[in-house]
Amino acid sequence: YFDGAPLLNVPGRTHPVEIYYTPEPERDYLEAAIRTVIQIHMCEEIAGDVLLFLTGQEEIEEACKRLKREIDNLGNEVGDLKCIPLYSTLPPNLQQRIFEPPPPNKASGAIGRKVVVSTNIAETSLTIDGVVFVIDPGFAKQKVYNPRIRVESLLVSPISKASAQQRAGRAGRTRPGKCFRLYTEKAYK
1 YFDGAPLLNV PGRTHPVEIY YTPEPERDYL EAAIRTVIQI HMCEEIAGDV LLFLTGQEEI
61 EEACKRLKRE IDNLGNEVGD LKCIPLYSTL PPNLQQRIFE PPPPNKASGA IGRKVVVSTN
121 IAETSLTIDG VVFVIDPGFA KQKVYNPRIR VESLLVSPIS KASAQQRAGR AGRTRPGKCF
181 RLYTEKAYK
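Residue numbering for the sequence shown follows full-length UniProt numbering, beginning at 1 and increasing consecutively.
Derived by calculation from the structure, the hints in this document are not laboratory data. Beta carbons are placed, not taken as given, at the ideal position from N, Cα and C, and that holds for glycine. Incorrect hints may have been included.
Unchecked claim - Label-pair restraints from in silico Cβ distances:
#, residue 1, residue 2, range
1, G75, T127, 32 to 42 Å
2, I121, P147, 23 to 33 Å
3, L94, E31, 23 to 33 Å
4, A5, E58, 46 to 56 Å
5, L74, I149, 42 to 52 Å
6, R97, T14, 18 to 28 Å
7, P92, G56, 12 to 22 Å
Hey, can you work out the whole structure from these sequences and the hints?
And the structure:
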C-alpha cells in the first residue's frame, strides 16, 4: 500500500535527567512533596522551574496554599515562588498561566521560580519551558469499576513504570534536569 513512500525518522530531543529516590518510603507524600519544593527553591543554585505531580484538584489547591504560606514565612532571603495549579477542569485561561515567566530574581541573587502543580495531564500532552525539576510522588487517580455495586470511582493508586519515566522526562525537555521520586528505588523496580 505504501510501497516506495519515504520513511522519515524524527528523533525526540531530550537532555540528561538525574533521578533521585527517597531512602525510605514516605508516609505522607503531600507533605514530602511540599518539603521537596521548598528545598529545591532554597538550595538549588541553578535557575529553573518545578513541576510537581499530584493526584487531583483538591490536593493541588491545598499544596498551592501551603507552599505560598511556607514561602511567605521564610521572609525576604528567598526568591519569589509563583505557584500555578493545572488540572483538566480548570478554565482554559487559567491553564494558560503555566506559560507565564517565573518571578524575577531578587537583587540579593535569590532565584525566582515558578512551580506548576499538576495532575498527570502534564505527563505527556505539553512541554512547559523552563521546567528543570520534577517531583513525582508516584501516584495518580485511576478509574476503577466495581461490578458488585455497579459504580465507577476514582482511586489513588501507584503509577506504572512507564508513567514514572514519562514524568522524569519532563525535566529534560529543554535542558538537563533533575527528577525527585518520593518513593524508593526498590518500589520503582
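So the hint says 42 to 52 Å: do the beta-carbon atoms of L74 and I149 match that? holds (48 Å)
Hint check for T127 and G75 - Cβ pair distance inside 32 to 42 Å: holds (34 Å)
Whether the CB-CB distance between I121 and P147 falls inside 23 to 33 Å: holds (28 Å)
Could you see if the CB distance from L94 to E31 stays within 23 to 33 Å? At roughly 26 Å between Cβ atoms, E31 and L94 fall inside 23 to 33 Å, so the hint holds.
R97 and T14, beta-carbon distance inside 18 to 28 Å? holds (25 Å)
Taking the beta carbons of P92 and G56, is their distance inside 12 to 22 Å? Holds, since P92 and G56 (Cβ atoms, about 19 Å apart) stay within the stated range.
Range first: 46 to 56 Å. Now tell me if the beta carbons of A5 and E58 are that far apart. Since the Cβ atoms of A5 and E58 sit about 49 Å apart, the hinted range of 46 to 56 Å holds.
Comparing the model with each numbered hint stated earlier shows that all of them hold.
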